[in-house]
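Using the sequences provided together with the hints, build the complete structure.
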Amino acid sequence: MENQTLTQLRSAISDMDCMSQSGFSSIAAITKLALAALENPMTCNDIDSIAAALESIRSTAMDVENCINATAEGVGCHYVDAAQRRRWEAKREAESKKVKLSHGL
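In the working numbering, the protein residues as written are 1 to 105.
Each hint should be verified, as a subset may be incorrect.
In the SDA-like style, the derived pairs of lysine to any residue whose C-alpha atoms are separated by at most 25 Å in a straight line are [claimed, not checked]:
id, residue 1, residue 2
1, Lys97, Tyr79
2, Lys32, Ala52
3, Lys100, Arg87
4, Lys91, His78
5, Lys32, Asp63
6, Lys97, Arg85
7, Lys32, Asn66
8, Lys100, Asp81
Bear in mind the hints are in silico, worked out from the structure with no lab data behind them.
Written as structure tokens, this is what we have:
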């Protein structure tokens with residue numbers, strides 16, 4: 001069973017490396033093009049293309065993040081941000097108190 005777990009971990013790490021290289025290379029390339037467009041008087045006012053590039057960067061970053069997280073979670077090694085979880089719990093508690101107050105409870 002231990003060899004299977006090691007094989008699964010190796011596969012997950014390899015998959016995450018592939019995803020990160022591909023995604024981050026795309027982000028770097030799009031960023032380089034967007035910066036070049038901003039530095040060129042002929043293209044610096046093309047806000048639609050620059051906005052599309054920024055959206056593509058955002059989308060790629062989110063996709064890579066989600067894929068890497070899902071792969072890590074699949075082998076039980078995903079990161080949990082304890083501070084973020086506390087913030088979410090505080091927000092849920094605050095919203096719950098608002099609902100109770102609005103109903104006079």
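For each hint, the structure was consulted:
Distance check on the hinted pair: Lys97 and Tyr79 sit about 30 Å apart at the alpha-carbon level, beyond 25 Å; violated. A hinted pair counts as satisfied when its Cα atoms are at most 25 Å apart, and Lys32 with Ala52 qualifies at roughly 14 Å. For the given pair, Lys100 sits about 20 Å from Arg87 by alpha-carbon distance, which is consistent with the 25 Å threshold. With a C-alpha separation of about 23 Å, the suggested pair Lys91 and His78 falls inside the 25 Å cut-off, and the hint holds.
Between Lys32 and Asp63, the direct Cα distance comes to roughly 20 Å. Compliance with the 25 Å bound is thereby established for this hinted pair. The suggested pairing of Lys97 with Arg85 holds, with an alpha-carbon distance near 18 Å, which does not exceed 25 Å. Note on Lys32 and Asn66: the hinted pairing holds, with a Cα-Cα distance of about 24 Å set against a maximum of 25 Å. For the suggested pair Lys100 and Asp81, the alpha carbons sit about 29 Å apart, so the restraint of at most 25 Å is broken.
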